[in-house]
Amino acid sequence: MWHDALLVAAKDLRIERRSRVSLNQVVPYALMVLLLFGFAFDQDRSLLAQAAPGLFWLAVVFAGLPAVQRSFAIEAADGASDNMRMSGLDPAGIFLGKVAAITLQLFVIEAILVGGVVVLFHSRLAGGALLAATTVISTAGVAGAGVAYGALSVGLRVRETLLPLLLAPVLAPVVLAATQAWRSALGLSTTSPGGGWRWFGLLVAFTGVYLAGGVLTFGTLIEET
Amino acid sequence: MLAVRFRRAVAFAGRYPLLAGVDLDIQAGEIVALRGPNGAGKTSLLRAIGGLLPLSSGEATVLGLDPVADARALRRRIGLLGHRNGLYDDLSALENVRFAARVAGARKGAAEVALERLGLGARLGAMPVSRLSAGQRRRVALAALLAREPELWLLDEPHAGLDATHRRLLDDLLLAASDRGATVVVASHEATTAAALAGRTVEVAGGTVTGGLIEAGPPPGTPRPTALVEASAYVA
Amino acid sequence: MRYSKASEPGPALGHQHLRRALGWSAIVTLALTAWWGLLISPPDVVQGQLVRILYLHPAVATMCYAGFGLCTLASLAWLWSRTRSRRWDRLAVAGAEVGSVFCLVTLVTGSIWGRATWGVWWTWDPRLTLTAILFAMSLGYLALRRSIDNSHARSVASSVVALLMALTVVVDHYATSWWNSLHQGTTLWKPDPTVHGWQLATMLLSFLAFGLLTAWVVLHRYQLEVLEDRYEQEGTQVALAARRSEAASPGLAGPGQPGPSGPGSDLTGAATRDEPSTAKTPSELGAR
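Sequence order for the protein chains is A, B and C.
Counting in numbering that gives the first Met the number 0, the final residue of the first sequence is number 224, and the numbers go up one at a time with none missing.
Counting in numbering that gives the first Met the number 0, the final residue of the second sequence is number 235, and the numbers go up one at a time with none missing.
Counting in numbering that gives the first Met the number 0, the final residue of the third sequence is number 287, and the numbers go up one at a time with none missing.
Chain A on its own, in the form it takes in the complex (with noise of 0.2 angstroms):
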C-alpha cells in the first residue's frame, strides 16, 4: 500500500511539475478569490482581520476543489483510468498517494495565500503550533474527503457539477472547525487557547473519518461504480 502510494504520489507531482496547472491556474484563482473578499467587505480593514481566518480557509476549499478535479482529470484523459485499475495497484495506495500530492499542492497554495492574508488584511501571524496543526490536519482533510467524492464523480456524466454539490456541505465542519482554531491561535476570540485545540480534535477527528473511509472503499468505488 505505501509503496504504491508513493508512486502514485510521485507520479500525480511530477505531472503537476511538467504541466504546471495548480501554480499557473488554481494558485492565482485563489489569490483572487482573496481579492473578492476585499471589495465584498468594502476595504473594512477590522472587520477584514477579523474574518481574515474564515476567508482564507474558505480560499483553500475553493483552490481545493479544481485541485481534486484536476486530479481525476489527468486520470479520465486517455483512459487512463481503465489503466490504473488494470495496473494491480492497491486502491488505498491509490487513494493515499493522490491524497499525499494534492495535500502537498494545498500547502503550497496556503503558503502564498497566508502571505495574501497578511499583506491584504492585515492580520498578524500569532499562536505557531495551533496554527501549523491545524493547517496540516485541515488540508488533509479537504484533500481526503476531496479524492473520496472525487472518485466516485469521476465516471459520471454530470461530474463538474456533482462533485461540488457533494463537497460543499461535507466540508463545512472544516471551515467551521479551522476558522475557530485559528481564531484562537490568532487571539481573534475570547475564549482561552485551550479552545482552539477543541477544535484542533474536531479537525482530527474529520480527517480520521475519511482517511480510513478512503482507505476502507477506495477500492470498491473505483472497482464497483
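Be careful, since some hints might not be right.
Selected chain B positions facing chain A (in silico; Cβ < 10 angstroms) [said to hold, decoys possible]: (1) Arg46; (2) Arg76; (3) His82; (4) Arg83; (5) Tyr87; (6) Asp88; (7) Pro127.
Label pairs and their in silico Cβ distance ranges [as the list claims (entries may be wrong)]: (8) Phe38/A / Leu207/C: 52 to 58 angstroms; (9) Ala72/A / Leu1/B: 36 to 42 angstroms; (10) Tyr230/C / Lys107/B: 52 to 58 angstroms.
Covered by chain C, per the in silico footprint, the following chain A stretches (three or more residues, Cβ under 8 angstroms) [unchecked claim]: (11) 160-173; (12) 208-219.
Simulated from the structure, these hints should not be mistaken for lab results.
No residue lacks a Cβ here, since even glycine has one placed at the ideal position from N, Cα and C.
Starting from the structure of chain A, add chains B and C where the hints point.
Same frame as chain A, now just chains B and C:
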C-alpha cells in the same frame, strides 16, 4: 491448460446487453483473433476477460482465477491495451513506461528495453507523449505493456495507427511473447491484420461468439434463439 | 418491517393491506391533528397562536431524522456482505427521499417560527444549521443516485456516501453546537414544560400522524423500487434477445443457415453485416 474459459457469459451496461451469452475457450500460449463489426462486443469481451466488466450471469475463469473477485491477484499478470492508450500526456514516453513497469515490479531497465524494442529510442522516449504522433503513442502504450511482461495480452485494435513496418514489428513481438508461453487475444474489425497472426479466429457478433470453443463444430452452449433465425430469414 | 423470504429472488408486490391500512390511518390522524391543532386546542398563554407550529414542526423534524437514520442503517446493512440484499438499497432511497422532503418542511417551518419569534427568518441555531447542512447533503446523495444507471454501481456508491455523510454529521453536530455556544445563541426547541392538556395531546397525535405518513410513503417508495427492478428484469430479457439477433446476419451465420440466393448471398451478407454496426456504435461508447 486454459488461459480463458467463458460460459454463457452475459454482461450489461445499464439495460443494454454488451455480452449476450459468450462461450469461449482460449488455450495458454495461443494467439486468438476476435473479429467482428463495430459494436459486436469485442471490446466488451476483452474488458470482461480483464475483469473491468463484471458479468451479470455465466461463468468466467481467467488464468485459473475469477476475473472480478480475484482482480488484485490477476491484474499484475494481465496487460490490456484499450482503444485509448491510457498515457499521461504531460509525462515523457519513458516516464509513462517506467511508471507502468514500477507498478508491476519489473526489473530495472525494463522500460528502456521495451521502448527500444518498439523502435522508440532515447530521443523519442524523452519527449512528452503529447508531442508524439498517434502511431508513436500507440507504440508507447505497447511498450508499457511489454515492460510488464504480462502472461495474458488483451489488445483492442493494436494495429490502429501503425504503419506497415511497425505492424510487422508488433506481430513479431506478439509471436515472441506467445513463444514464451504468453496468451494473446487481439480484437480487430479488419479481417486481415489479426488473422495473419492468429492461430485461431473467433467471430464476434451481437454480443455472442461463433467458434469460441476449441472442439470443432457449432458449440452446443451457444444460444440460438428463434429471433435469430427469423431475422436472418427476413434479411434473405 | 418484515419481508417474506419468497419475495427475495424475484421481486414481488405485496403488503397491499398493510399499505392501505397505513394510508387510511395516516389520513385520519392527519385530519385529526389539523382539527385539534387549528380549532380545538387553545392558544398558548405566552406564545399565542404561534404555539400551533408545535403540532407540525417537531413531528416533521423527527420524521426527517428518522428518514435519514433509516437510509444510514439500510446502507450499512447493504454494505455488510452478510446482510447484503436489494431490499436495503430500496429502503435507503425511500428513507433518503422522505427524509429530504421532511427536511425542507422542517427548515421552512423553523424559519417561519424564527421570523415570528425573533423577527428574523434565520438564526444560527445549531440544530437549524445542522438541518440545513443535512438537507444539502441529502440533495447531493439523491443527485448521485440519479446519475448512475447501473443498479449495482448505484447501490455501492450511494451506500458508501450515506455512511461517510452520516459520520460527517456527527462531526457537524459538535461543530455547530460548540460554535453556537461561543456566541451564546438561542436554542429553538427546548422541551417546553408548560405544554399540557390539549396541547400535549395534539402534539403527541401529530407524532403518530406523521409517523404513519412516513411509514406509508416509505413503503410505497419501496414498492416503486420493486416495480423498477421487475421492469429492469423484463426489459433485460427483451434486450438480450435483440442483441443476440444481431448475430443473425447471414454473413456471420453458421453453415447450418440456408443460403437461398446462391453465390449472390455473399454480397448481401456483407452489406447487411455493416448495417447494424453503425447503429450500435453508441453502445461501444457506453461500455467505457
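A quick look at each hint next to the structure:
1. Arg46: Cβ of Arg46/B sits 8 angstroms from chain A, so the hint holds.
2. Arg76: The hint holds - Arg76/B has a Cβ within 10 angstroms of chain A, the shortest such distance being about 8 angstroms.
3. His82: Given a least distance of 7 angstroms, the restraint on His82/B holds.
4. Arg83: Since chain A brings a Cβ to about 3 angstroms from Arg83/B, closer than 10 angstroms, the hint holds.
5. Tyr87: With Cβ-Cβ at 6 angstroms, under 10 angstroms, it holds.
6. Asp88: holds, 6 angstroms
7. Pro127: holds, 7 angstroms
8. Phe38/A / Leu207/C: 52 to 58 angstroms: holds, 53 angstroms
9. Ala72/A / Leu1/B: 36 to 42 angstroms: With Cβ atoms ~40 angstroms apart, the hint holds.
10. Tyr230/C / Lys107/B: 52 to 58 angstroms: Since Tyr230/C and Lys107/B have Cβ atoms about 56 angstroms apart, the given range 52 to 58 angstroms holds.
11. 160-173: It holds: at least three residues are needed, and the region 160-173 of chain A offers 8 whose Cβ sits within less than 8 angstroms of chain C.
12. 208-219: holds (count 5)
Against the hints set out earlier in the document, no violation occurs for any number.
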